[in-house]
Structure formats: C-alpha cells, structure tokens
Amino acid sequence: FLRRMSRLIKMGVCTAKIAMLHEEEGFDPDAILVGTGMGCLEDTEKFLKDIYENEEEISSPTQFMQSTHNTVASQIAIMLGCKNYNFTYVHRGFSFESALFDAMLQFSEGEGKKMNILLGALDEITETYLDVTKKLKFWKPNDAGEGLQLSGAWDHVQAGEGAAFFVLSNEKNSRTHAEMKGVEMIYRPDDTTFISGRIDDFLQRHGLTKADLDVVVLGRNGNPAIDKEFDALQNSYFKDIPQASFKHLCGEYKTASSFAFWLGSQIVKRQEVPEVVKFSPFSVNKIKHLLIYNNYSNLNHSLVLLSHVE
Numbered sequence: 645f646l647r648r649m650s651r652l653i654k655m656g657v658c659t660a661k662i663a664m665l666h667e668e669e670g671f672d673p674d675a676i677l678v679g680t681g682m683g684c685l686e687d688t689e690k691f692l693k694d695i696y697e698n699e700e701e702i703s704s705p706t707q708f709m710q711s712t713h714n715t716v717a718s719q720i721a722i723m724l725g726c727k728n729y730n731f732t733y734v735h736r737g738f739s740f741e742s743a744l745f746d747a748m749l750q751f752s753e754g755e756g757k758k759m760n761i762l763l764g765a766l767d768e769i770t771e772t773y774l775d776v777t778k779k780l781k782f783w784k785p786n787d788a789g790e791g792l793q794l795s796g797a798w799d800h801v802q803a804g805e806g807a808a809f810f811v812l813s814n815e816k817n818s819r820t821h822a823e824m825k826g827v828e829m830i831y832r833p834d835d836t837t838f839i840s841g842r843i844d845d846f847l848q849r850h851g852l853t854k855a856d857l858d859v860v861v862l863g864r865n866g867n868p869a870i871d872k873e874f875d876a877l878q879n880s881y882f883k884d885i886p887q888a889s890f891k892h893l894c895g896e897y898k899t900a901s902s903f904a905f906w907l908g909s910q911i912v913k914r915q916e917v918p919e920v921v922k923f924s925p926f927s928v929n930k931i932k933h934l935l936i937y938n939n940y941s942n943l944n945h946s947l948v949l950l951s952h953v954e
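Residues 645 to 954 (my numbering) make up the sequence shown, in order.
Because the hints were derived from the structure by calculation, they are not lab data.
Just so it is clear, CB atoms sit at the ideal spot from N, CA and C, and this is done for glycine as well.
Any given hint might turn out to be false.
Unchecked claim - With a Cα cut of at most 30 Å, we get these calculated DSSO-like pairs of lysine-lysine:
1) K854 to K913
2) K883 to K930
3) K872 to K922
4) K854 to K932
5) K757 to K661
6) K825 to K930
7) K690 to K781
8) K727 to K661
9) K872 to K932
10) K727 to K757
11) K661 to K825
To be verified - What follows is a list of derived Cβ distance ranges for each label pair:
12) K816 to D884: 23 to 33 Å
13) E667 to D835: 36 to 46 Å
14) K932 to K883: 12 to 22 Å
15) N817 to I702: 43 to 53 Å
16) D835 to A855: 15 to 25 Å
17) L749 to Y831: 13 to 23 Å
18) M709 to T853: 49 to 59 Å
19) L692 to V928: 46 to 56 Å
20) K883 to E700: 58 to 68 Å
21) E916 to E700: 56 to 66 Å
Work the whole structure out from these sequences, hints included.
Have a look at this one:
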C-alpha cells in the first residue's frame with residue numbers, strides 16, 4: 645500500500661494517522677477536509693514527463709491517479725472506509741484557511757449533533773518547482789546560512805514544505821488543545837491601516853478587543869517586501885502584545901499557516917511560548933487568546949483566533 649505512494653501522499657497519510665492515534669477504533673470522521681496549494685506536484689510532473697517522453701501514446705495510470713489534488717484526502721478515506729463529506733481546497737495561500745472555514749460551516753450546520761472532522765493541509769518541494777522559482781529569485785540563496793533569523797532579514801525566502809492534520813470536534817474532550825474561535829481571509833488589502841481595521845472587526849465579532857490578545861503569531865518569512873507589512877504592524881498595532889514567529893522553523897509554502905495552527909494550539913494547551921519562536925524576549929502568565937496572522941506573497945492575508953479551554 646505504502647510502496648506505491650509518492651512522498652507527499654506518505655506524508656499526508658502518516659500525519660493523518662498520527663492525528664488519529666488516540667481516537668477510538670473504527671473512527672469515522674463526519675468530514676475529511678484538506679487544503680493544498682500545489683497538490684501532488686511530484687506525481688503531476690512524472691505524469692506529464694511520461695506523456696511527453698512517450699509522445700502522448702502510453703502513460704501509467706498510477707501516476708495520473710496520484711497526480712490529482714484530492715489524492716491524499718481520498719487515500720485517507722479509503723484507509724478509514726469513510727464515505728462522508730470529503731473535500732480538498734486548492735486556493736493558493738488560502739487553501740488551509742478555506743478548509744478550516746468549511747469545517748466551521750459543517751459544525752454550524754450540524755449544531756446539536758456531535759461531530760468530528762479530520763482537517764489537514766500539505767505541500768511539497770520538488771526539484772523542478774525549486775529550479776523554476778530559484779530562477780525567479782524567489783528563494784533565499786544557498787550561501788545565506790541555515791534557516792531564517794528572527795532579528796534580521798534575508799533578501800529571499802527560505803523554501804519550505806510540510807503536512808499537518810488535526811481532529812476537530814464540536815465537543816470538548818480530554819484531548820482538547822484549544823478552541824478555534826474563527827478564521828478570516830483578506831485578499832490584497834490596501835495598507836496596514838486597512839488590515840488593522842479588519843483585525844479589530846474580526847476580534848469584535850468574537851467579543852474581544854486587541855487588549856484581550858495574549859500572544860500573536862506572525863508569518864514573517866524573511867523577504868523585506870513581505871515583512872515590511874509585519875514591521876509596520878509590530879511597531880504600531882501589535883506593539884504592546886507579545887509576538888512570536890514560525891516560518892524560520894518550517895519555511896515558506898502555501899499552507900504554512902497549518903504549521904502555525906499546530907504551533908498555536910500547542911502554545912495554548914501548554915500555556916507557554918517556546919523561546920525559539922519568540923520575536924523578542926517576553927513572559928506571559930496565562931494565555932487565554934492567541935491570534936495567528938499570516939501573509940502569503942502579499943496577496944493572501946489570514947487571521948485565525950485560538951482560545952484556551954478551561
């Protein structure tokens with residue numbers, strides 16, 4: 645079963661299995677929702693290369709079946725025998741957030757009924773993708789050192805990839821890490837004043853103000869053109885709020901916000917912020933509300949609010 649899987653499919657299936665480790669035997673989620681910016685890119689490249697080399701005559705069906713964007717969600721459903729709602733979102737920098745928003749809609753429609761949703765996101769780096777984007781000078785040069793520096797800035801971004809899966813429930817249980825209050829997507833905002841206003845509106849809808857935030861997790865990626873937005877907000881709107889960052893750990897990719905979602909839930913659950921993610925030294929006594937603010941390519945800005953569950 646695993647032998648025929650590509651690297652990304654293995655990453656997704658194994659991560660999903662880890663997320664479900666403590667679920668009851670026969671776990672059957674009410675929905676499987678996955679976000680991916682690029683899908684199974686390696687299999688897509690193999691399939692297209694095979695078509696080209698065989699002059700469009702003969703091609704392996706396996707590569708075609710594994711090249712579709714919903715392959716991972718399908719493999720998980722087959723593994724679980726799950727025939728419920730299954731959807732994969734491919735919305736560039738909003739892919740994970742779109743899946744997260746759909747999860748909230750499912751819970752809203754199923755109000756009064758206990759529901760469990762398997763939510764995930766994944767993206768991979770391939771040699772072809774890396775070569776093309778390097779020529780566009782999108783990534784950090786190889787001689788710039790290992791990883792990103794929180795206190796400095798690179799002229800280019802550190803390439804990243806990853807897979808993350810979560811079991812969401814509309815009822816609290818012994819394994820609950822945090823409450824997901826809401827998600828907001830902002831496409832091509834005019835300026836930081838507009839962003840600040842949207843954050844205020846977002847918090848107000850959930851009965852909060854900026855003063856209620858205990859930690860903000862920011863998606864700085866080392867590109868000065870992107871990080872100038874964060875600089876402006878960090879020095880004004882978020883000035884009095886403890887700030888953390890995460891892309892120096894996972895790199896930049898279209899669904900990197902899923903890594904931040906995992907990091908944020910761990911911070912809220914454990915009630916401590918790892919030193920490695922702190923943008924500057926700080927200490928907090930209790931973490932009730934945590935805001936994740938991500939920015940992908942200065943186009944896709946997103947907010948996710950996590951709260952502590954007593």
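Hint-by-hint comparison with the structure:
1. K854 to K913: 21 Å, holds
2. K883 to K930: Between K883 and K930 the Cα gap is close to 19 Å, so the pair holds against 30 Å.
3. K872 to K922: Within the cut-off at roughly 18 Å; holds.
4. K854 to K932: 13 Å, holds
5. K757 to K661: 24 Å, holds
6. K825 to K930: It holds: about 18 Å lies between the C-alpha atoms, which stays within 30 Å.
7. K690 to K781: 25 Å, holds
8. K727 to K661: Satisfied, since the Cα-Cα distance of roughly 17 Å is no more than 30 Å.
9. K872 to K932: 28 Å, holds
10. K727 to K757: 18 Å, holds
11. K661 to K825: Holds: K661 and K825 sit about 25 Å apart, inside 30 Å.
12. K816 to D884: 23 to 33 Å: Roughly 31 Å apart at Cβ, these two residues keep to the hinted range, so it holds.
13. E667 to D835: 36 to 46 Å: 45 Å, holds
14. K932 to K883: 12 to 22 Å: 20 Å, holds
15. N817 to I702: 43 to 53 Å: Holds: the Cβ-Cβ distance is about 52 Å, inside 43 to 53 Å.
16. D835 to A855: 15 to 25 Å: Roughly 23 Å apart at Cβ, these two residues keep to the hinted range, so it holds.
17. L749 to Y831: 13 to 23 Å: Given about 19 Å between the Cβ atoms, the range holds.
18. M709 to T853: 49 to 59 Å: About 50 Å separates the Cβ atoms of M709 and T853, which means 49 to 59 Å holds.
19. L692 to V928: 46 to 56 Å: 50 Å, holds
20. K883 to E700: 58 to 68 Å: 59 Å, holds
21. E916 to E700: 56 to 66 Å: Because 57 Å falls inside the window, the suggested range holds.
Hint compliance for this structure: no hint is broken.
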